[in-house]
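There are 4 protein chains.
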Amino acid sequence: MPTATLLISCPDKKGITAAITDFVYRNNGNIEHADQHIDKEFNTFFMRLEWSLKGFFIPTKSIAKRFSPLAKKFGMSWNFFLTQKKPNVAIFTSHALHCLHDLLLKSTQNYFNGNIALVISNHKKAKDLVRSFGVPFYYLPKQSLNKEGTERKELTLLKRHAIELIILARYSQIFTKNFVDEFPNKIINIHHSFLPAFKGSDPYRQAYAHGVKIIGATSHYVTEELDAGPIIEQDIVRINHRSSLQDLKKEGQELERIVLSRAVRWHLERKILTYNNKTVVFE
Amino acid sequence: MPTATLLISCPDKKGITAAITDFVYRNNGNIEHADQHIDKEFNTFFMRLEWSLKGFFIPTKSIAKRFSPLAKKFGMSWNFFLTQKKPNVAIFTSHALHCLHDLLLKSTQNYFNGNIALVISNHKKAKDLVRSFGVPFYYLPKQSLNKEGTERKELTLLKRHAIELIILARYSQIFTKNFVDEFPNKIINIHHSFLPAFKGSDPYRQAYAHGVKIIGATSHYVTEELDAGPIIEQDIVRINHRSSLQDLKKEGQELERIVLSRAVRWHLERKILTYNNKTVVFE
Amino acid sequence: MPTATLLISCPDKKGITAAITDFVYRNNGNIEHADQHIDKEFNTFFMRLEWSLKGFFIPTKSIAKRFSPLAKKFGMSWNFFLTQKKPNVAIFTSHALHCLHDLLLKSTQNYFNGNIALVISNHKKAKDLVRSFGVPFYYLPKQSLNKEGTERKELTLLKRHAIELIILARYSQIFTKNFVDEFPNKIINIHHSFLPAFKGSDPYRQAYAHGVKIIGATSHYVTEELDAGPIIEQDIVRINHRSSLQDLKKEGQELERIVLSRAVRWHLERKILTYNNKTVVFE
Amino acid sequence: MPTATLLISCPDKKGITAAITDFVYRNNGNIEHADQHIDKEFNTFFMRLEWSLKGFFIPTKSIAKRFSPLAKKFGMSWNFFLTQKKPNVAIFTSHALHCLHDLLLKSTQNYFNGNIALVISNHKKAKDLVRSFGVPFYYLPKQSLNKEGTERKELTLLKRHAIELIILARYSQIFTKNFVDEFPNKIINIHHSFLPAFKGSDPYRQAYAHGVKIIGATSHYVTEELDAGPIIEQDIVRINHRSSLQDLKKEGQELERIVLSRAVRWHLERKILTYNNKTVVFE
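Residue numbers (the working numbering), protein chains in the order written: chain A, 1 to 283; chain B, 1 to 283; chain C, 1 to 283; chain D, 1 to 283.
Honestly, the hints are just simulated from the structure, not real lab data. There may be inaccurate statements among the hints.
Unchecked claim - Far from chain C, some chain A residues (derived; all Cβ distances over 12 Å): (1) 13; (2) 22; (3) 72; (4) 140.
What the hints assert, rightly or not - The list that follows gives simulated cross-link-like pairs (lysine-lysine, DSSO-like), each with its CA atoms no further than 30 Å apart: (5) C:13 x D:249; (6) A:40 x D:65; (7) B:159 x B:106.
Glycine included, every Cβ here is placed at the ideal spot set by N, Cα and C.
Just chain A, with the same shape it has in the complex (with noise of 0.2 Å):
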């Protein structure tokens, strides 16, 4: 049964959830998720209303247009999404390939709301891989002589394949700022680390050498500043001293696996909202 979902941060004030509801109602919607949330300190109204478009009387493709006074009666920031249309998502790897065959099987198990459309590596290890699962592969090596050269191919790749979201799926490479600002909120990245614990590279080798009891891995979307951006899922498994780097490694892809593929499916679920470097999840 197809959904329509809209998601909302505004300023808070009194009478936005009875105005958005009774949008909903007077055209005939059933709604079937609706969460909010008020954050007190920034005095800002956040929402997700999901209902079905069974009997809706405002056509499918006028939604967003009918919305749209209301939207900004109330200076609403707000995105609109159909649930039966499946996004495009980009993947980018580089060598350590677990987080991507992660996905590519869960992709075909539907576990989320998404088409992997390709794959961009700067290594070409993952190449045999991702094409066994019917997927395009592009190599594109990256140094930083040719750094903008090469992100002007991806853009180019990304528009072409109409790509909403980026997956960082253990991408060894930084992004430049021109880059990432084409896609706010639109790239996710998997570190291997509790942030901010751990920031920049090795961090299984940093978790080792401070002798810590638990290990964590981070997704969150990327921003200029690297592995600092709005953090949308933490988990964490238990270490002890018998613990060789090799097993932080092992134990860590689990986790990393896990982390990163919630992201993706909350964010393609539309799910998450984002304000002053944080995330509003609607898990």
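Fit chains B, C and D to the given chain A structure using the hints.
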């Protein structure tokens, strides 16, 4: 700032949320928290709505009466609460006092929104502890022969103290159906296992004998059937082959305290609805 | 660097550890890992000893024979393993392929110390996947009428491939006692619940119906009694009232993969001993 | 039944375990627990050995002396403990009393093997609570001007009470290097974050500002560098966008109590060795 809270469940239907939130808006209320859930299998709508009473047009005493016609229209089961009112709570305990002690401590720290008005026990062991916190203590031994007589005394005490919630903090006695019927979804028990595994007596010994690698604790509302009421919260801790039965008990005591006190907190924050022997917890 | 591993259990007695470690020392072995455990209730001693074979005085082929008198003296049950030898492993699966896929992937990443020598299934669904990893696939349908005949074929295949461990990766069939007796503590199953809760079929549906707040997965050795063999590993994930049965399955699949692959890894690293329907896991 | 425990670390070498366990065996000791660990990177051997003194040939008073030549031969750092001896413990606290309260409670329940001999605080708030448990309380305010003078008083008290372990139960003051040097690996602190993230003051506020999805607590030995000593234990709890800063503190208090009391228990059970700013915890 005083707020009011509604807990609602009713058959799902178009326009419920719009009608409820409009009621608050028309009367100048500012929504602080709104959570809803729909169980499609049972076509049931659940809502928790909390709004500020600052400037609310309807006098506090009349809110319930004024909301009543709307409730009737949608066939709601509902409860109305004033947040600033601290309900009276009774604790029943036996000889394992860690949960009792924890609740007494948390009561002094405003961890939950309630007053511990009295403690009843079938052992004398807790007397000094309870009184050191300035709380009345009643020793009511209970044998199968005098069970109904003792329960009558307990009911008298509970009514005299206007008790709204009963907490069984490792209470080793089983109430009669009559007693339970007096407090529907108002008796919270802690069971020291991951229910439905290891119901009944000595669950740690059962867990130990089964060689499980994780132990759990479960807080639930008490119903007529032993250890089978709606589950409110569960949590776990890892054990291993080195863990003795004594270790299980030590680790488990931590769990019990946490899992019980979370349930108490959520109940008193009016965040729990029950249906079909399950809970909706709007935590 | 090659190492040897001994797994030992015997009645506890003074001098066991001294005798075993002296055997290694006198023969110029360097201990790399030594773990022991004593179950006082059963007066049983357990040990895992791994030592470097570099410069060891006894030729590899003769170690077991030379250790044998010591073993006899203390009445040991014991097994001797050479770490560099990769045992052959068989996977049985049906139509839920996430665990199979995960094991195939991890096999290529040397996550565990074994070769997946063949996959047997009562469904054809896994065929292409398995062969894409270069692993032989056998389709052996199984009905109650032909069960024994099919098991004979399976046993022939398992012997031909010198299989030392059987992994049931969501295999929907139950083996006969005869089959199980051929592989004592050498068949690992994954059950998608927190055993002993929710034995038997469709545990997620059972969990959903009970309104639990946590779901689990359990890997265990297969014994004659269904879902009741020695537990190797368990893990859990939190759910809540919003989690649909479908969500339980999605989250649970992650758990199953982790909990099964940990058990496989530990078994193949020779870290597991069993007794009294429990495991000692020297992780 | 009295037991003796040895905690040993030394350069790894062939024959260490054989020599140590032979020492126990020759003198008619029955090993109850033996754990060892080898850090290959640092070529260091660690062992914890606990054996029954029933029928042990060497008088208790002479065991250390008689073990000494063996220790010298292998260049061991070692400590010898008698299990039946309950060490004296001091708690330092300030105005957040949940950890203090928990330790006092657990002391009465024999959760850990030690006597709380005194409590020292730079606030008066804990006085009545501490004395209600029959424990001496000392109010020693501390300003930058009088720090060294106060620490001299504290050292006098600690020596008078023969204190072997200091527990900082949310103590808000920082000790001088001189003070710390008097108690190497004998001061356990609880830090209310997942170290090394959020060192220093108000870690919950830091966590809240970063929008993390998990908060943690860390118990560690105190060294000269703030919040950077060897980590003993860590644990975590999930939070979400609905969690206020106040919620983080409530949930975090549970964690702090657990993580601190586990460290205290393990230390007093003589299960912890330190090296290279890390711990080996033979839990």
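Okay, the hints, checked on the actual structure:
no., hint, result
1, 13, "27 Å, holds"
2, 22, "24 Å, holds"
3, 72, "31 Å, holds"
4, 140, "24 Å, holds"
5, C:13 x D:249, "50 Å, violated"
6, A:40 x D:65, "66 Å, violated"
7, B:159 x B:106, "24 Å, holds"
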